[in-house]
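Visitor: Here the protein sequences come in this chain order: S and U.
Take the first sequence: its position 4, counting from 1, is numbered 4 in the numbering used here, and each next residue is one higher.
Take the second sequence: its position 290, counting from 1, is numbered 1290 in the numbering used here, and each next residue is one higher.
Any given hint could be a false lead.
Stated by the list, open to error - Calculated from the model, a selection of chain U residues having no Cβ within reach of chain S, i.e. all distances over 12 Å:
id	residue
1	R1002
2	M1145
3	G1262
4	A1265
As the list claims (entries may be wrong) - Chain U stretches covered by chain S per the calculated footprint, using a threshold of three residues with CB under 8 Å from any CB of chain S:
id	region
5	1161 to 1171
6	1203 to 1210
7	1222 to 1228
8	1250 to 1257
Stated by the list, open to error - Distance condition first, Cα-Cα at most 27 Å in a straight line; then the derived DSS-like pairs of lysine-lysine:
id	chain 1	residue 1	chain 2	residue 2
9	U	K1121	S	K241
10	U	K1240	S	K91
11	U	K1188	S	K155
12	U	K1274	U	K1009
13	U	K1240	S	K236
14	S	K193	U	K1274
15	U	K1119	S	K241
16	S	K280	S	K116
17	U	K1119	U	K1274
18	U	K1240	S	K98
19	S	K193	U	K1188
20	S	K236	U	K1119
21	S	K28	S	K266
22	S	K116	S	K266
23	S	K236	U	K1121
24	U	K1188	S	K153
25	S	K193	U	K1240
26	U	K1295	U	K1188
27	S	K86	U	K1240
28	S	K116	S	K269
These aren't lab readings, by the way, just hints derived from the structure by calculation.
We treat Cβ as the ideally placed atom computed from N, Cα and C, and that holds for glycine.
Spelled out, the chains give:
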Amino acid sequence: MSWFKRTEKGINTPTELKRETPDGLWYKCPECKNVMHTREHKQNAYTCIHCNYHDKIGSEAYFSLLFDEGDFTELDKDMISGDPLKFVDTKAYPDRIKSTVEKSGLKDACRTAYGKMNGQDITISCMDFGFIGGSMGSVVGEKIARGIDHAIKTKTPFLMISKSGGARMMEAGFSLMQMAKTSAKLALLEEAKLPYISLLTDPTTGGVTASYAMLGDFNIAEPGSLIGFAGPRIIKETIGKDLPKGFQTAEFVLEHGFLDFIVDRKDLKDKLASLLAILK
Amino acid sequence: MRTLLEFEKPIAELEAKLEDMKKLALDNNVDVSDAVRNLSSAIDTLRVETFQNLTRWQRVQLSRHPDRPYTLDYIERICSEFHELHGDRTVRDDPAVVGGLAQIEGVSVMVIGQQKGRKTKERQHRNFGMPNPEGYRKALRLMKMAEKFNIPIVTLIDTPGAFPGLEAEERGQGEAIARNLKEMMILKVPVICIIIGEGASGGALGMAIGDRVLMLENSWYSVISPENCSTILWRTWEFKEQAAEALKLTAIDMRDNGLVDGIIAEPQGGAHLKWDEMSEILKKRIISEIANLEKMSPQERISSRIDKFCSMGVVVE
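So that you can see chain U by itself, here it is in the shape it has in the complex (with noise of 0.2 Å):
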């Protein structure tokens, strides 16, 4: 049963017409063709026109949208090999992130991703995406490993935010986090970080310091997600459209502001329609990525990803 956002319903109920006029015609042995060519074209007409001039905030629904893709629905189309790797050997093994070894068309890859789950029971396992502080370190350790056997990293980022819990402070939620992003900086193995779907604030930057970050269409990356930017700001849920549109949080806000290096694009209608096709745009660009970054030496990657990052800001003097 697919889950509909408002703005498919009117896509989805036209194809729902071309479905009965198909089997119609089956049924009664008549010839419609010209009348499914033409209902077809207004179907592609209103989800063009839907897609184009979709609001931020209809890209955040779409982001969060429940058949969307998530981290290990990717690696398994796209990844001919996956060995997943546990836990931070201090803790425990945080089930929101998740990363292993990894073959991608012959390249060996190490893969982390934060991960939500899709029924009840996962999302409660996966805590909806919310890493731990030893998400973050599992992450880094894995990261580290990479670095010694030289092999480069892809990070999909898919959070909510990192998890605002009791024991989460306890174990140095901001500790955690703050150390990825330095130690990140100066991996000497290419960094390819790709925003999936939500990409909240230190939770999401914790894994998304790369040589390469890269955002999928239909994804969100800002400093607070939309309802609780209205919370603080106005006091009330309400006002998270107005909140998104100020946050300016897409990915065609991101790159044009210089903080994100591209956009990839997605299948018409939203990743969630075309998982498959999805994964190979997906898979071809992170190949073609990891072979021009693999053209730099060690520390012009590293200088240029230093630079990168010290560059963005607006400051008048």
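Just chain S, with the same shape it has in the complex (with noise of 0.2 Å):
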């Protein structure tokens, strides 16, 4: 009866039919298949009420999660990307863009804003994954670059949230050198003495874990987040043999020593609130 089972493990749905918050009255936990009532998964930081999985959430959630009473200030709001390389594969890039800013209503992978979080001010930078795969080009890098500015400027510790597959391959060289914009920024906060959280999400990968995700004085991450360099079926395919079980897993980077903790999402604003204060 073996046609009746399930034989592929994991989530095979179409990317077109995946999004980052559920629409209507129930959430079903897409890892142990029990259902909960939307607005109880949403009190619950968008984790399963059951199995504590995280759900994928974007930048609003996370502002909304984060800073007090859900009242923050947004930076470079309206900044979109340029076509540096007039850049065609299957479709011109400013068209993938269109059609992206229009399905997601988002203008890029990434958003910044400041405000306070449990009293204390702060600036963040949030990736969301629903833009082309919160992938970093142009837009992603000069707006973490600002915002690292802006932390400098008003003397604010700075949090990255992550969650990318890396940088875009549609800005090719811009995309590469924002890693390096990046690093150069953060390089003068950390000049500045302030404190960088960097928290890592499902998934971290590629450039942006070559740059800031892995820099923080606290590397961070959300239980179970897929965080690595090169993605797991290119070391598949480059090793020739399987992945052992749990290997990329935040648990495992945490493991192998370049993670400083792993944090609840529930318990998120808490924590980083009472360390931050610690440094003060």
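From these two lone chains plus the hints, build me the complex, please.
Guide: Following this line, the structure appears as structure tokens:
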């Protein structure tokens, strides 16, 4: 009867059917398949009340979770992508941007805002996976750079929430240099002796891991997040072997010494606030 | 035995003909100097035409030419002295990265580069020029040493990418590259980075943050290789030529987009034909760049290095 059973593990939904937060009244956990009320799920910081699965959320949800009363001021709100290379693959890059903007309601894969977190000033840049896989192009790099500038200018801690497949191919060399740009700004933030917290969420890979995501004074992650430089498929192809269970999870990365701690999203705000209070 | 790329073959055929003609003339004692002169100039014209009209993919092929000089080939020709230094002091020595103290025309430098192998065994030993985290950490250790002794740094970049392996992930490939980006930004000594062959993505960038970032004429530098770009965007390798065009990854593209500081011309026909000539060009350029950079104070160099990278990117507001 094996044809009745599911043989392929994991999520097989095509990209266009995926969404970050579900509409409707009921939320079904993709991990444990249990159903809960959407309101309940939201109140639980978009984590499953049964198995603690951390659903993928974007900047809007993180900002409302972290800023007091969900009150914040967004920086560089209208910045959008150029097309420096006149890049065309199966689609012209500006067309791809345009349709993604319409579909996602976002301008690019990163938003920066400042406000208060448990009464303390903080600047936060947060990536949105829903915008071309959270890929890092000029807009992402520039927004983070200016977010760090803002943190330096106002002497506030900087929190970066990463969620990305890596650099954006359609900006080729320009994307690559965003790794350099953000790292340069972080060197200045360090010189100013301001705290930098890097929160890695599911997934954080490629050029994002190989630049700002790994450069925190505190590198922290949400449980179960995929974190790595090369993607698992590429590694599997390179070494020609199956990857061990749990490879490249947040827990694996913690064990190997590249994270300070793993934090449950429900505790995130309080934990960060008390950590930052110690540094004051 | 020379390896010939497709577009090098017509030139090589004419060259073979020329050799035959010379030999024939010598054997039979006849004067063919007019014919030789004509054929020689025809060869030159063809070579100039071919190399002026190279496609981006053909440049990528040249950058990977099996006869192209690698880091140690340059070091051997450029440096009067070279003391190779090994190990990252944590895990092991990474043979995909070489580095050490050297003298170039009496100037002390720290030379660090990615190293490919030429024969099968050596290729494996060098991991095809794909560094592991300890390679980046060794490079950083040597750079810090150079800073301590106030010695300029020269990095030679030639990698198909940082190694995507299981142990590389365990030992923090991402963290190793990220740390280099940040630390290289604030090195007090002059840093010159030269892409001599392949400059693939973060694996290249992790050793390419400098006051002067230069590319050899037939090298490439981008966020991904044309093959992998084709695989992701078109779901097959077949579109690598198109991907190379779209990525604008040649030295000319990268300079025109303000992403590198300059181009170093190669001898006619490519660096692989004339190693000594290429090395001489490289040596002169390194010496003059160091002299120029030493006119600036460390703080001036660091600020303009940071400003340069921070100005890269195109956004619409």
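Visitor: None of the hints should be skipped; say for each whether it holds.
Guide: Status of each hint after checking the structure:
1. R1002: The claim holds: R1002 of chain U sits with its nearest Cβ about 31 Å from chain S, beyond 12 Å.
2. M1145: At roughly 20 Å from the nearest Cβ of chain S, M1145 of chain U sits farther out than 12 Å, so the non-interface label holds.
3. G1262: holds (15 Å)
4. A1265: The assertion about A1265 of chain U holds, with a minimum of 21 Å to chain S.
5. 1161 to 1171: n = 9 at 8 Å, threshold three: holds.
6. 1203 to 1210: holds (count 3)
7. 1222 to 1228: Held - the region 1222 to 1228 of chain U has 3 residues with a Cβ nearer than 8 Å to chain S, which meets the minimum of three.
8. 1250 to 1257: holds (count 3)
9. U:K1121 to S:K241: holds (22 Å)
10. U:K1240 to S:K91: holds (16 Å)
11. U:K1188 to S:K155: Status holds; Cα separation ~26 Å.
12. U:K1274 to U:K1009: holds (17 Å)
13. U:K1240 to S:K236: The given pair, whose Cα atoms are some 22 Å apart, holds under the 27 Å limit.
14. S:K193 to U:K1274: Violated. K193 of chain S to K1274 of chain U sits at ~51 Å, over the 27 Å cutoff.
15. U:K1119 to S:K241: holds (26 Å)
16. S:K280 to S:K116: Between K280 of chain S and K116 of chain S the Cα gap is close to 15 Å, so the pair holds against 27 Å.
17. U:K1119 to U:K1274: The given pair, whose Cα atoms are some 20 Å apart, holds under the 27 Å limit.
18. U:K1240 to S:K98: holds (26 Å)
19. S:K193 to U:K1188: holds (19 Å)
20. S:K236 to U:K1119: Given that 27 Å is the threshold and the Cα spacing comes to 26 Å, the pair holds.
21. S:K28 to S:K266: holds (19 Å)
22. S:K116 to S:K266: holds (18 Å)
23. S:K236 to U:K1121: Roughly 23 Å between the alpha carbons, so the hint for K236 of chain S and K1121 of chain U holds.
24. U:K1188 to S:K153: Roughly 25 Å between the alpha carbons, so the hint for K1188 of chain U and K153 of chain S holds.
25. S:K193 to U:K1240: violated (46 Å)
26. U:K1295 to U:K1188: Holds, at roughly 13 Å.
27. S:K86 to U:K1240: Holds, because 17 Å separates the two Cα atoms, which is no more than 27 Å.
28. S:K116 to S:K269: holds (11 Å)
Checked against the numbered hints given earlier, this structure breaks hints 14, 25; the rest are met.
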